[in-house]
Amino acid sequence: MSRLRRLGALMLALLRELADENAYQRHLAAHGRTHSPQEWRHFFKHRLEAKYARAKCC
Amino acid sequence: MKLLAHLTWAAVAVLGALTLGGIALNHREPINSIWLVVAAACTYLVGFRFYAKFLAARVMVLNDKRATPAERLRDGLDYEPTNKWILFGHHFAAIAGPGPLVGPVLAAQFGYLPGTLWIIIGAVLGGAVQDFVILFASMRRDGKSLGQIAREEVGTVGGFTALVTVLLIMIILLAVIALVVVNALRGSPWGTFTIAATMPIALWMGIYLRYIRPGKVLECSVMGFALVVLSIFGGQWVAESSTWGPLFSFGAMGLAVAVIIYGYCASVLPVWLFLAPRDYLSTFIKLGVVLALGVGILFVRPELQLPAFTRFVDGTGPIFAGKIFPFCFITIACGAVSGFHSLISSGTTPKMIARESHAYPVGYGAMLMESFVAVMAMIAACVLQPGVYFAVNSPAGVVGSTPAAAVATISNWGFPVTVADMTNLAKAVGEQTLFYRTGGAPSLALGMAAIFARGGGGQAVLGFWYHFAIMFEALFILTIIAAGTRVGRFMLHDLMAQFSRPTAKKMTGIVGVNVVSLVVVAAWGYFLVQGVRDPLGGINSLWPLFGISNQLLASVALCVATTIVLKMHGPKFMWITCGPLVWLLSATFTAGWQKIFAPEPALGFLAHANQLEQAMRRSPSTTTAALIFNDRLDAVVTGIFLILVATILVDSLRTWMGILRGTRESRIFEAPFVPSRLQPEEL
Chain Y
1 MSRLRRLGAL MLALLRELAD ENAYQRHLAA HGRTHSPQEW RHFFKHRLEA KYARAKCC
Chain F
1 MKLLAHLTWA AVAVLGALTL GGIALNHREP INSIWLVVAA ACTYLVGFRF YAKFLAARVM
61 VLNDKRATPA ERLRDGLDYE PTNKWILFGH HFAAIAGPGP LVGPVLAAQF GYLPGTLWII
121 IGAVLGGAVQ DFVILFASMR RDGKSLGQIA REEVGTVGGF TALVTVLLIM IILLAVIALV
181 VVNALRGSPW GTFTIAATMP IALWMGIYLR YIRPGKVLEC SVMGFALVVL SIFGGQWVAE
241 SSTWGPLFSF GAMGLAVAVI IYGYCASVLP VWLFLAPRDY LSTFIKLGVV LALGVGILFV
301 RPELQLPAFT RFVDGTGPIF AGKIFPFCFI TIACGAVSGF HSLISSGTTP KMIARESHAY
361 PVGYGAMLME SFVAVMAMIA ACVLQPGVYF AVNSPAGVVG STPAAAVATI SNWGFPVTVA
421 DMTNLAKAVG EQTLFYRTGG APSLALGMAA IFARGGGGQA VLGFWYHFAI MFEALFILTI
481 IAAGTRVGRF MLHDLMAQFS RPTAKKMTGI VGVNVVSLVV VAAWGYFLVQ GVRDPLGGIN
541 SLWPLFGISN QLLASVALCV ATTIVLKMHG PKFMWITCGP LVWLLSATFT AGWQKIFAPE
601 PALGFLAHAN QLEQAMRRSP STTTAALIFN DRLDAVVTGI FLILVATILV DSLRTWMGIL
661 RGTRESRIFE APFVPSRLQP EEL
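For the protein sequence lines, the chains are Y and F, in the order given. Using this note's numbering, you'd call the opening residue of the first sequence number 1 and step up by one each time. Using this note's numbering, you'd call the opening residue of the second sequence number 1 and step up by one each time.
Looking at chain Y on its own, in the form it has when it is part of the complex:
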């Protein structure tokens, strides 16, 4: 049961990583800020600029 729970937690963490939600939490922690719509927009802008300057795989 605990293994299943760990697997579930890992899957959720992966989904959050793919969704950039983990990166946002890291951004808040690194800069000592709290969540706000403005903060998200600021983070998202920089995140997406970097993300979509790279080729996507075929």
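Honestly, the hints are just simulated from the structure, not real lab data. Be aware that one or more of the hints could be misleading.
Stated by the list, open to error - Below are the DSSO-like pairs computed for lysine-lysine, each with C-alpha atoms no more than 30 Å apart in a straight line:
no.: 1; chain 1: Y; residue 1: LYS51; chain 2: F; residue 2: LYS506
no.: 2; chain 1: Y; residue 1: LYS45; chain 2: F; residue 2: LYS506
no.: 3; chain 1: Y; residue 1: LYS51; chain 2: F; residue 2: LYS505
no.: 4; chain 1: Y; residue 1: LYS45; chain 2: F; residue 2: LYS84
no.: 5; chain 1: F; residue 1: LYS505; chain 2: Y; residue 2: LYS45
no.: 6; chain 1: Y; residue 1: LYS51; chain 2: F; residue 2: LYS84
no.: 7; chain 1: Y; residue 1: LYS51; chain 2: F; residue 2: LYS216
no.: 8; chain 1: Y; residue 1: LYS45; chain 2: F; residue 2: LYS216
Guided by the hints, dock chain F onto chain Y, whose structure is given.
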């Protein structure tokens, strides 16, 4: 305990050898798909446990005491030590594109055996090695890109050539995958409506994420997914409506124009509004479908209907011309070895590796997973009746322009199929016709739908699953088109900056961005329209061009990898990257040469142009003149690819000879050693 481990690995190796031998030798009778799954799984396990471990320990000498860029340059954004399994999933999601799904489906024209063997063996000895070495090289160089590494380790010529090669590949890639979508949606109001609906859904998601619930990406994606599923049901209603159906029924040229306009708009719209939400949705659906297909195949265990070898091993195939060597390898491309992976392996992933040893499962393991996806795509194609497979994938120019003519031709090849079979199948999946749907996506969707429907629901849900599969393929292909056009714009800027920095700077304003985007869209749009007009279906010329370019990029990556291995150890381990490099160069240069100069008009661009020229002398027409120009253009593009890669190869050979003779410094441009202080709880 150690003995038990040895016995277990021996059993895995023996099982792998037996199943591989079984599918290779037992090709007179149909086999169950589980043979392919077991053969692939055992080979991957042995390759991962022994070969990759040898590479990690002896060749790359991974050292967990050495701090990775994620630790040294940690910024909480790009550089961040990440759990290895999360990074594995992240890297896999980044490398898994349409290539490993479409390539094997097309290569199934030779039968299931050649393609499957290459997918498995090519990945273990070539593709995964390339990904692993480049990931390692980038990780040791602060996450530098392939182009930067090439410039430093090989020379400036190599770096510049790599940039031009990637841009050209991008243009061909975007054109060919756009053509796959066009052919899948042609005359299909159900599919077209579903895909059209994903656009307002993405816009709504963008607004939701920015203004309604900022930061709630997962929540938003779940709602987006629910809306997309609803749109599939809506698509069925639209297709059955005599009012709405015709509004969403487009011909190939109309769809091509729509995709070109979409590509332009999606690349210039704010990323948060359209591209990013669409990308989230497409990534989650992609991972879900891959997982579901794997479970479906294991659960249903379908029998393969296509033979191990077809008569088309002689090079006379209707889907694309050319013999097994080199065209099976060129067509499979990403499922076994993908040059594009070297861009991902030298992109985000190396900046997130917490410990050096994690590069082993991430770099090598993720490619094995991608190869497994390609095996599943091969299975999905091969569960179709051979006659149906060829009727769906063959162009009218080869099999005849009426259904009756097409089934007669295909049945004469020894793959019986009737017009009634095709009509019933089209009706079952809610389509008007399934003839001449070249490009691989519809036949893959049919195979997937058959597997999913046998898992539960039967014929009643075949239409839903077919359109779900089409939606999944088109959604992520169109996302790649939008992102690729945007990246193409940046690459063109970089290229301009190499010649004139002020001009490049001028082009970063709003007008400049639009102009450069238009240039990129016009470039791939031209090839797309060329594919649509091609009486042989377009895939016959464009997919090999894409395969050649992709494999040449892999050759570039392997040249860089060989240089690094040579500098680290001398010639001792050069065979590891040189082996796949020699194979890829033989396959791609042979394919490139044949595509340009082969005397058969179905294969050689110039021979086809000459044939059309003779026809034009008899009855001049502007359409034929355009086809002649396109053939010659394709020949020139193929020639440019070969010259670019030959340039990098010569540059690399010069470097290798210099190092071996001792006339050239074998300095490695790695970041200096810094001891790791990362604590286990930080992983």
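Index of numbered hints that the structure contradicts, given in increasing order: No numbers; nothing is violated.
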